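As you go down the protein sequences, you meet chains G and P in turn.
Residue 226, in my numbering, is where the first sequence stops; the numbers in between run on with no holes.
Residue 273, in my numbering, is where the second sequence stops; the numbers in between run on with no holes.
Keep in mind that the hints were calculated from the coordinates and are not lab data.
Keep in mind the model is a prediction, meaning the values are calculated, not measured.
Don't take each hint at face value.
[Said to hold, decoys possible] No more than 25 Å apart at the CA atoms, straight line, and that leaves these computed lysine to any residue pairs for SDA-like:
#, chain 1, residue 1, chain 2, residue 2
1, P, Lys153, P, Asp65
2, P, Lys232, G, Gly172
3, P, Lys111, G, Ile92
[As the list claims (entries may be wrong)] Pairwise CB distance ranges (calculated):
#, chain 1, residue 1, chain 2, residue 2, range
4, P, Leu13, G, Trp214, 50 to 60 Å
5, G, Tyr101, P, Asp178, 37 to 47 Å
6, G, Ile154, P, Asn267, 56 to 66 Å
7, P, Pro228, G, Val85, 43 to 53 Å
8, P, Gly9, G, Lys217, 44 to 54 Å
9, G, Leu54, P, Leu13, 48 to 58 Å
10, G, Pro203, P, Asn201, 23 to 33 Å
11, G, Glu225, P, Arg115, 31 to 41 Å
12, P, Leu13, G, Val102, 43 to 53 Å
13, P, Asp56, G, Tyr101, 53 to 63 Å
14, G, Leu54, P, Asn64, 48 to 58 Å
15, P, Glu136, G, Ile78, 52 to 62 Å
16, P, Glu149, G, Gly180, 52 to 62 Å
17, G, Lys175, P, Thr244, 35 to 45 Å
Don't be surprised by glycine CBs; every beta carbon is placed ideally from N, CA and C.
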Amino acid sequence: MSEEKKSEALFSKKNKALITGPLNIDNPVTIQVLGICSALAVTVQMDNAIIMSLAVTAVLVIGNVIVSLMRNLIPGKIRIIVQLVVVAALVIIVDQVLKAYVYDVSKKLSVFVGLIITNCIIMGRLEAFALGNRSWASALDGLGNGIGYGVVLIVVAFFKELFGSGSLTIPGIGKWEVFGNATDLTGLYAMDYMNNGLMLLPPSSLIIVAIYIWVQKWRTPELIEE
Amino acid sequence: MAVDRDSNGYTVLFATIMVIVVGGLLAFISDSLKPIQKANTTNEKMQNILQAIGLDEMRDLQRNDAGPIFNDYIKRRITINYKGEILSDKSAKDEINPLDKLDAFNIDLRKEYTRYIKPIMNQNKGDEVGLKKALEGSESIHFPIFVCENEGKSYYVLSASGKGLWDDIWGYIGFSSDCKTISGSVFDHKQETAGLGSKINETWFEDQFIGKTISENEAFSPIVVLKPGREKNIHQIDGISGATFTGVGVDEMLRRNFLVYYRFFKNNPEFIK
C-alpha cells in the first residue's frame, strides 16, 4: 500500500502498468488465484462469460474509485464492512439495471450476478490497492484486473462452448454453430461427431484454467517459482 | 481532516450516514426500475402463452411485441381448482388487474408449486389416495386455461409446473379444440444443467409435443417422456440424452396437471369442438 505524493501523467509508465500487469504477470485468476468460482460457473457459454466480465469490471472500477475517494474518511474499525457495503450496493444496482434493460441476459446470469459480491477479486483489490492509492490509479487498477479476469473467462468459455456445444455465442451477434447443428445432424454431426458433455460441467473449467496457467508460465518464465 | 478517524463517535456517525445514503439510493433505484422490470416479466408470460398455441406466425414473436396483441388472440381467461370448479372467468375486454389473484394470468405457476403443491406431495409420498384428497382439499391451487380464438378455430393453453433435477420447471401447453391434441408448447426452467436439462426450452424439444394426445379409448393417457432413440407412439416423446431427471420431472408434472384438465374438459363438454 503506497501513497502517491506526486501527481503523474494520466497514462504514465506506472499507470499503464496498472492495466497491463493484471493481463499476464499479475493475472487475478491465474496468478493471484482469485475469483475462481465464477470462472467455473459462468463459462458454459461465451455470452455469459462476456457479460459477466463486463459486470465485474464495472463493479471493480466504480468500487475502486469510490473506496479510493473515501479512503481518508473510512474509520479503521469498520473498514471491511464499508468495502462490503460499497460492493454490495453496486452489485445490486447492476442487477436491477440488467433486469430492466437487458432482461434476457439477466435471466441467463440469474444468481451469478448477485454472487459478484463474493468475488474475491473485488474485495481483494479494494483492500490491497484502493485504500492506499488515488482515484485515477485505482480506476486503472480496477480496469486492469477486470480485463485480466475477463480474458481468462473468455478463453475458458471459448473452449467449453466450442467442445461442449459445438457453438460460439457472442452477445449482440448471435450463435454461430461452428460444427453444424447437433439436432439436425448437419456438418460434423453428420459424420457421427458428438459434443463432449464433460465440457459443460464445472470440472472442465478447472482443467482448462490449469492448462492456461501452464501455457502462461511456459511463455513467461519469470513467473515460475523456484 | 482534524477528526479522529478511530474514535467511536466518528465510526458511528460514518456508519449511520453510509446506511442512510446507500439505503435511500437503492430504494430509489429499485422503485424507478420496477415498472420496466414488471413489464418485462409480464410480456414474457404473454409471449410464452401466445407461443404455446403453436401458430406459425408466433414462432418468431418477440417479447416486446407480445403485449399489444395478447388480447387479439386470448379471448377468455379461466381459472379452475383441482376439482374442476370454475373460480374465475374473464374475457379479453376485462383488463388484467395485477391485484386479482384469481385472474388466470396472475397465477404464478412456480409459486403455486413451491408453496402449495410440493409440501402436499412430500406429505403424501407413496399414498395416491391421500395425495388426491389433499390436492382436492386445497383452496390455493389454481389452474389457468387461456382460450384462444383465431381464424374460426379455438385453442386452449394450459399450464404445468413441477421440479426438475435442481429446481423448478414449468410450461404452457396449447391444445386444439378437441381438448386432447397438443398444438404447441413452451417450457422453461430455473436452474437445470446448462446444455443438458436446460434444453427443455429449446424448439426441437417443444415441437415434439405437437400432435401428441392425452386421450386413449375415452380415458386419460398421460404424455410419457422416453429415453431418446426409441419408437414413440402418439403419447410419447423423446427425453434429453444425459438429462434423465429433468425428463422425469417433465413427465411427472405433465401427468399431474393434464389429469386435472382432462377431467375438467370431460365434465364440461361445451369446450370440446
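Which of the listed hints are not met by the structure? Hints 2, 9, 11, 12, 13, 14, 16 and 17 contradicted; others consistent.
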